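Trainee: This is what each chain is made of:
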Amino acid sequence: MDALLRDHLLTLVVFVPAAGAALLLLFPRSAPAAARNVALAVSILDLALSLPLWTRFSVASEGFQFREKVDWIPQLGISYSVGLDGISLLLVLLTTVLTPVALLFSLSHVEKEVRGYSVAFLVLETGMLGSLVALDLALFYVFWEVMLVPMYFIIGIWGGPRRIYASMKFFLFTMAGSLLMFLAILFLAIRYHAVTGVWSFALDDLYRMTFTGRTETLLFLAFALAFAIKVPVFPLHTWLPDAHTEAPTAGSIILAGVLLKLGVYGYLRFALPLFPDAAMRYAPWLGVLGVIGVVYGALVAYAQHDMKRLVAYSSVSHLGLVVIGVGAFTTMSLSGSILQMINHGLSTGALFLLVGVLYERRHTRELDAYGGVAAVVPVTTALFLIATLSSIGLPGLNGFVGEFTILLGTWLSPHRWWTYAAATGVILSAIYMLTLVQRVFWNPFAHEENRELTDVRPSEFIAASVLVVLMVWVGTRPNDLLDRIRPAVETLQKNVASKQIASVKP
Amino acid sequence: MNESFVRFTHADLVAIAPEIALVATGCLILLVEAFAPRLRRWFATLALAGVAVSLYFLLHAPIGTTFGGRYETSSLTQLVGLFLGGAAVLAILVAKPYLERTGEERGEFYALLLWGHVGVSLMTRGLDLLIVFIGLETLSLAFYVLAGIFRRISASSEAALKYFLTGAFGSAFTLYGVALLFGASGGTRIEELSSPGLAESNAVAFGLLLLLVGFGFKMSLAPFHAWAPDVYQGMPTPAVAYLSVAPKGAAVLVLFRVFGAVFEHGMPDRFRTAIAALAILSMTLGNVVALAQRDAKRLLAYSGIAQMGYVTIALAVFGRDALAAVLVYFFAYLVSNAGAFAAVSALYRDETKPHPVGLLAGAGRRAPFASAVLALCLFSLAGIPATAGFIGKFFLFKAALEQGFYALALIGVLNSLVSIGYYLKVVYILYMRDPVESDPPPPLAPADRLALALCAAGILALGIFPSSLWEIARHAAATLPLISP
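Those protein sequences? They're chains A and B, same order as listed. Take the first sequence: its letter number 273 is residue 273 in my numbering, and every next letter is one higher. If you want my numbering, it's the position in the second sequence, counting the first as 1, plus 1000.
Everything labelled a hint here was simulated from the structure, so no lab data went into it. Keep in mind that a hint or two might mislead.
[As the list claims (entries may be wrong)] With the Cβ distance kept under 7 Å, some of the chain A side facing chain B (calculated, not the full set):
| no. | residue |
| --- | --- |
| 1 | Leu47 |
| 2 | Val142 |
| 3 | Val146 |
| 4 | Ala176 |
| 5 | Phe187 |
| 6 | Ala446 |
| 7 | Glu449 |
It should be emphasised that the depicted structure is a prediction, and the values quoted were computed from it without experimental measurement. Quick reminder that beta carbons are idealized off the backbone N, C-alpha and C, glycines included.
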């Protein structure tokens, strides 16, 4: 057991949820309570297993840690190869935190087909974790696509009125990008075989390949498109508001919290280091799209009457900021972007959760249906306010550190003007988020039926407070995270720089 | 006439023992029906035993050619034999409860299925175009009858007539092609097609095109596909489960054999272009038309047309890796497509009526196991990773990209995006629509349950651990004298 925990910790973390899902299938469908509790227990167990990843992660060492490698399709050099660096470490922990939070919220709110619901979340967790730790492109692609299926069911079965349209749109958009990436992955491996005579899909090997000209551009675009759809980068974002609005609350938490980050993660892990020249050539475009996303997302969010849609568009805006940081490509802006992904996961996760709390009681998300409910639901209000302040970047909470680092890092890059646009987004976010708080919780009391609202239940309170505690922790001790991010970012920049020099040579 | 063709040697008998076992089992079933009709419920078991014995003989037959170089036992034919046997086993398992439900449990069904299976087997093992043709006709005759075996159902009779007419048309093309090749090469053995100079001959080119058309009919490859939706709709579902898988695999193998023999030194571009055009047409037409289908069996028919388009990409690419990819693809197609038809057979109560997809509404709750397997099969047909279908497409597109067929691969993946539209539509109806039918569906018979479980296990096993099958397929493909282009 000790050896298992020592040598195969990462594999355990990835597959415990899937094993839990298989276990759940043995339960009768008629025992929803058991399914709920088992799923929650499995996700908490997975969280517990993932904590040693944090403590045993060595800040000093470069490269991937907790590596494991087993042949999978040896004839083609495809292996089950996993590992963690600072970037994936934080996202893995975000995933293992948000999944129990989402399931905890669902405890009291999901009545329909509980077993299937729990199975879908656990399979989804394995898919997300697998994509984050995979160091083999074929393995990554499998996990990447496997995520789609449970999310499709989560939106389609447990979603809102337009769930069918939203789930189909989500699936087709994501798949459209992925299929081109699939061809690009095959092409990469075939090229590697043609050059070296050996088959390999391992990231370490493929990193060493250099491409030039049109080939590199096309390959880069195939990868970048798949990731840009996932983020989503403006103008590929249209699936997101639909998916978010229709998804059940827990689905939104995971979707905003983790799934979107996988787009940025994929860009940093694959598109950028595999095709640095093309990536650098297109970086200004990426930054510009990020700028548009920031401003456009914020303006559209301001115009929303539905709380969930508002938060969904705020995600487009916030991820636009992350994209700007990636496009600027300084150590600081990249670190900020990665940190901000974690922050966005925490704050938006909390916002979706609390919107869900109100929705489950009043069955509407219209801003106008509320007003002055702070007196009725003081705890919900307090939690929502903290999440809002975190989201708009109040110093002392997590959002501030991330935004500030991105802005500073972008200022140091050649694209200084992006900073102005990005800062506008920060201001706009304060406007639309505070307006939301004002219209829902403050303002004069407008609707008598809101007198009946009940405050958070214990399970909801625990779920939300976990996120609030993490917000404060990241806000006050950001270096705990940044210390782990920085070596990974520096390695990434070093790889990119060395490859660029290599490809300049004849 | 060659003397060895008339006189059987012991080796010849051993070589065709698998087929003899099948024919004998079919006859035995008919005899039992005549003399002891009360033993009817054992027919399926008997048929399964026949297939098992046949597979035993096939796997233990000595490797080599018999009947004067006209009949082959190789790791390739053994692997294909396993694939065909798998299709037969699934069809028989699904047939038993199906026939019981419809009250048509008769020996003919199993006997004809086994004899059709003999025909397919001959197609894959024959090294002589005449044997291949005889196999094709044996298959066709058996299935013409199977299509119309329910005389009281008008759709069934219509299916039989349509299948007969188009099938006869396809056979005529094939036979004319065989005649032209015979005229050009002076022999009917496939081997003789590789004599020098034949690859440039116009008669051979024309003969090959006719063969392509004839087998295109059997594969339901567009534009020779029009029969498939109508016939699938009227034919008993278990027979469709077999017909939609096994003969297609055999036809592709024959095409690989014949083209491989003629174009030893690489396929000329005009052929490649023609085949690629067929592939693109079949993928696109199948997928786009499937989007508009409302009947489950018609939808699967068009999905099959599209799937054969993907397979045809491999024929255009040619070479050993392409053949190995096709073999893997067909194993994936077997578990996914036969599984889908098995689920359709289990989910619809009234066999005599059409099978509108809408009737499956809410089946995810009313018949959870069959629905889950159907969904899994559809995800596999769509090529979602961790299923067999993804592995099939993975190797197929890898072979295409490796030989520089970028456009073909790109059109292929774009097509699979289109296909998600209709595969997901069925999943949506299964799980996200409220039921229209109030009465519960028929309880799942043990044989159905077994067939579905086998398919689900196959889809996941092949999807997660594909490397041994790929190794076997590559080894098997190497026994065919194909030159990589």
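Trainee: Holds or violated: Glu449 of chain A as interface residue toward chain B, Cβ cutoff 7 Å?
Mentor: 29 Å, violated
Trainee: At a threshold of 7 Å, is the proposed contact between Phe187 of chain A and chain B supported by beta-carbon distances?
Mentor: Holds, because the Cβ-Cβ distance from Phe187 of chain A to chain B comes to roughly 6 Å (cut-off 7 Å).
Trainee: With chain B as the partner, please determine if Ala176 of chain A meets the hint condition of a C-beta pair closer than 7 Å.
Mentor: 6 Å, holds
Trainee: With a cut-off of 7 Å on the beta carbons, see whether Val142 of chain A makes it to chain B.
Mentor: Holds, about 4 Å.
Trainee: Given a cut of 7 Å on the nearest C-beta pair, is the interface hint for Leu47 of chain A held or broken against chain B?
Mentor: 24 Å, violated
Trainee: Under 7 Å, Cβ to Cβ, is where Val146 of chain A needs to be relative to chain B, so tell me if that hint holds or is violated.
Mentor: 5 Å, holds
Trainee: May I ask you to test the interface hint for Ala446 of chain A with respect to chain B, counting a Cβ-Cβ separation under 7 Å as satisfied?
Mentor: 36 Å, violated
Of the hints listed earlier, those the structure fails to meet are numbers 1, 6, 7, in rising order.
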